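Asks: Spelled out from the first residue to the last, the chains are:
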Amino acid sequence: MEAISDIGGGISARKVDDKTMILFFGPQHPSSGHMRIILKLDGDVIIESDPDIGYVHRTMEKLSETKEWIKNSVLFERLAILDAGNVTQAYIIALEKLLGIEPPERALYLRTILSEINRISSHLYGMGIFAIMLGSSTGYMWFFGDREIMVQLAERITGSRLTHTYHIPGGVRRDVSKSFFEELEKGLNYIEKRLRHYEIMFVNNPVVRSRIENVGILSRERAIDLGVTGPNARASGIDFDVRVEEPYGAYSFVDFEVPVYKEGDALARTFQRMDEIRQSISILRQLSKSIPEGPILNEKYLKLFTPAMKEVLEKDKRIKFPAIFTSLKPPSGKAYGRVEEGRGEIFFYLESNGEPKPYRVRVVTPSFRNSILLKYLPVGYRLADLPAIYGSIDYFPPEADR
Amino acid sequence: MSGDSQVKAELFIENPAELPSVAQTLKEKGYDHVISLSAVDYPKSNEIHLVVHVSSYTKKDIEPKIFEIRVKLNRDNPRVPSLVKIWPSAEFQEREAYEMFGIVFENHPDLRNILLDPEEFSGVHPLRKDYIVQVEDIMLKLKEEVKSGGNK
Numbered sequence: 000m001e002a003i004s005d006i007g008g009g010i011s012a013r014k015v016d017d018k019t020m021i022l023f024f025g026p027q028h029p030s031s032g033h034m035r036i037i038l039k040l041d042g043d044v045i046i047e048s049d050p051d052i053g054y055v056h057r058t059m060e061k062l063s064e065t066k067e068w069i070k071n072s073v074l075f076e077r078l079a080i081l082d083a084g085n086v087t088q089a090y091i092i093a094l095e096k097l098l099g100i101e102p103p104e105r106a107l108y109l110r111t112i113l114s115e116i117n118r119i120s121s122h123l124y125g126m127g128i129f130a131i132m133l134g135s136s137t138g139y140m141w142f143f144g145d146r147e148i149m150v151q152l153a154e155r156i157t158g159s160r161l162t163h164t165y166h167i168p169g170g171v172r173r174d175v176s177k178s179f180f181e182e183l184e185k186g187l188n189y190i191e192k193r194l195r196h197y198e199i200m201f202v203n204n205p206v207v208r209s210r211i212e213n214v215g216i217l218s219r220e221r222a223i224d225l226g227v228t229g230p231n232a233r234a235s236g237i238d239f240d241v242r243v244e245e246p247y248g249a250y251s252f253v254d255f256e257v258p259v260y261k262e263g264d265a266l267a268r269t270f271q272r273m274d275e276i277r278q279s280i281s282i283l284r285q286l287s288k289s290i291p292e293g294p295i296l297n298e299k300y301l302k303l304f305t306p307a308m309k310e311v312l313e314k315d316k317r318i319k320f321p322a323i324f325t326s327l328k329p330p331s332g333k334a335y336g337r338v339e340e341g342r343g344e345i346f347f348y349l350e351s352n353g354e355p356k357p358y359r360v361r362v363v364t365p366s367f368r369n370s371i372l373l374k375y376l377p378v379g380y381r382l383a384d385l386p387a388i389y390g391s392i393d394y395f396p397p398e399a400d401r
Numbered sequence: 000m001s002g003d004s005q006v007k008a009e010l011f012i013e014n015p016a017e018l019p020s021v022a023q024t025l026k027e028k029g030y031d032h033v034i035s036l037s038a039v040d041y042p043k044s045n046e047i048h049l050v051v052h053v054s055s056y057t058k059k060d061i062e063p064k065i066f067e068i069r070v071k072l073n074r075d076n077p078r079v080p081s082l083v084k085i086w087p088s089a090e091f092q093e094r095e096a097y098e099m100f101g102i103v104f105e106n107h108p109d110l111r112n113i114l115l116d117p118e119e120f121s122g123v124h125p126l127r128k129d130y131i132v133q134v135e136d137i138m139l140k141l142k143e144e145v146k147s148g149g150n151k
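So the protein sequences, as listed, match chains A and B.
According to numbering that gives the first Met the number 0, the first sequence holds residues 0 to 401 in order.
According to numbering that gives the first Met the number 0, the second sequence holds residues 0 to 151 in order.
Since the hints were made in silico from the structure, they are not lab data.
Since this is a predicted model, take the numbers as computed values, not measurements.
Backbone N, C-alpha and C fix where the C-beta goes; we use that ideal spot for every residue, glycine too.
Each hint should be verified, as a subset may be incorrect.
To be verified - With a cut-off of at most 30 Å between alpha-carbon atoms, the simulated DSSO-like pairs for lysine-lysine come out as follows:
hint, chain 1, residue 1, chain 2, residue 2
1, A, K356, B, K59
2, B, K71, A, K261
3, B, K26, A, K328
4, A, K356, A, K177
5, A, K356, B, K43
6, B, K43, A, K70
7, A, K261, B, K43
8, B, K43, A, K374
9, A, K261, B, K128
10, A, K70, B, K28
11, B, K64, A, K61
Claimed, not checked - A partial selection of chain A residues facing chain B, derived with a Cβ cut-off under 7 Å:
hint, residue
12, R208
13, S209
14, R210
15, E212
16, L225
17, G226
18, E245
19, F270
20, F346
21, V363
As the list claims (entries may be wrong) - DEER-style ranges, computed between Cβ atoms:
hint, chain 1, residue 1, chain 2, residue 2, range
22, A, D41, B, K84, 40 to 48 Å
23, A, S218, B, K28, 42 to 50 Å
24, A, E212, B, F120, 25 to 33 Å
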């Protein structure tokens with residue numbers, strides 16, 4: 000094979016024969032994080048695509064074996080900091096199964112409120128990245144600017160913008176004040192109004208639309224075979240959502256639809272995310288109307304509180320950790336936790352041998368499951384379609400590499 | 000909400016050669032995709048267990064929702080037939096189990112590292128229990144350098 004030659008713009012290519020060329024797309028990717036795709040091109044048609052991932056692999060599964068159970072929730076939320084609430088929730092659900100403890104109802108509501116706020120902000124982030132990949136800087140600015148509202152609402156609940164560390168076994172770390180729900184409603188009204196603007200300015204913009212319609216078509220059968228998850232699967236006609244199939248949090252107390260599209264192209268995936276934001280808005284409104292009063296941590300743990308801790312909880316509505324949390328020893332066994340994250344299903348499998356540290360933690364993220372699309376979906380399309388395909392599947396390298 | 004404290008279904012396979020036929024039966028039952036394929040290392044009994052979690056998109060009423068298969072492998076030479084032909088969704092995860100545990104998946108179409116650098120991690124399998132992570136203690140090194148008269 001000939002030496003790699005620089006063809007400008009930091010892109011290198013090598014010639015295979017007179018017709019075929021190998022192109023290295025990445026790993027210095029301008030928008031989404033480090034990963035590269037090694038493409039075999041015939042002219043500008045992609046005939047082979049080999050995603051080379053792992054540039055942001057952080058050895059999370061190995062690292063988790065060296066940390067106490069509770070400390071791992073801080074580790075794992077770094078999988079996808081813009082969707083941290085959902086990630087931690089899956090881990091904590093699995094851990095709660097091992098410990099045999101359940102959160103009280105108000106905590107379930109608060110968890111679900113954070114989940115849906117995270118979902119909206121994750122979708123806005125994904126669409127912002129998608130927009131900049133298509134060269135629509137206005138879209139990028141709008142989605143990222145509006146996402147800030149959701150980030151700030153999450154901050155109001157948890158005290159931190161991105162890495163919330165909100166979920167603890169048996170409950171949540173902080174309660175919210177009544178005024179939070181007024182702010183939430185304001186934010187939701189704004190996003191609802193903006194969804195119409197996005198449609199006019201971004202999705203139905205003739206330049207954007209011509210680049211994403213009928214591009215990167217994923218059939219239902221193929222999506223099932225490849226085990227694609229989340230909005231990408233639903234945009235290909237798979238009616239599957241963990242929130243419905245195995246309800247957790249407060250999802251069994253609310254009414255919502257799971258939007259599904261048949262087309263399976265980049266356009267359908269975009270509409271899919273916008274429809275899901277609409278559903279999240281509706282879920283959040285229902286939750287803020289019906290949230291019950293009550294404790295935010297399981298009684299069993301509340302009993303362990305010292306008078307000083309009780310005072311903090313009473314005054315500041317936040318939990319000071321009982322000392323037992325640092326040396327949790329779940330009984331030997333195994334458990335799984337699954338949650339519908341913004342990008343799809345996140346799955347944790349925990350194995351405990353009764354020690355203060357896990358014996359094994361397996362985590363499969365939606366981006367890792369969807370990364371297989373980068374191998375099969377671009378084949379047959381033109382090189383210029385690749386950003387549209389890549390952007391539309393909302394692939395997030397740090398989450399995929401773990 | 001109130002989940003079972005344990006994963007309900009578990010199928011334990013002692014002979015790895017039986018895995019494809021078991022997988023085929025499960026696929027015909029409706030388990031159409033792999034959620035997770037990985038392994039757990041048990042150095043004391045010299046075993047590695049391949050752990051596969053499969054689920055269904057097409058059959059809503061399937062029970063259990065997630066089916067777990069465990070396959071006992073010999074730790075010295077873990078080999079198992081690939082599941083890619085039955086469940087194409089296993090392709091990347093088998094590559095991961097290959098690099099992390101050194102499990103060889105027979106007849107895998109493209110068995111090579113996926114996350115780790117193939118040169119640095121050739122023959123080394125980080126998720127095995129005997130792999131010790133090298134700790135680079137920068138602060139400690141600096142102290143020693145100061146003691147020995149600083150950096151050259």
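Asks: Evaluate each hint against the coordinates.
Replies: Right, here's what the structure says about each hint:
no.	hint	in the structure
1	A:K356 with B:K59	violated, 36 Å
2	B:K71 with A:K261	violated, 41 Å
3	B:K26 with A:K328	violated, 37 Å
4	A:K356 with A:K177	violated, 38 Å
5	A:K356 with B:K43	holds, 18 Å
6	B:K43 with A:K70	holds, 27 Å
7	A:K261 with B:K43	violated, 51 Å
8	B:K43 with A:K374	violated, 39 Å
9	A:K261 with B:K128	violated, 46 Å
10	A:K70 with B:K28	violated, 40 Å
11	B:K64 with A:K61	holds, 28 Å
12	R208	violated, 29 Å
13	S209	violated, 31 Å
14	R210	violated, 28 Å
15	E212	violated, 25 Å
16	L225	holds, 5 Å
17	G226	holds, 3 Å
18	E245	holds, 6 Å
19	F270	violated, 20 Å
20	F346	holds, 5 Å
21	V363	holds, 4 Å
22	A:D41 with B:K84: 40 to 48 Å	violated, 28 Å
23	A:S218 with B:K28: 42 to 50 Å	violated, 23 Å
24	A:E212 with B:F120: 25 to 33 Å	violated, 42 Å
When held up to the earlier numbered hints, the structure conflicts with 1, 2, 3, 4, 7, 8, 9, 10, 12, 13, 14, 15, 19, 22, 23, 24 and fits the remainder.
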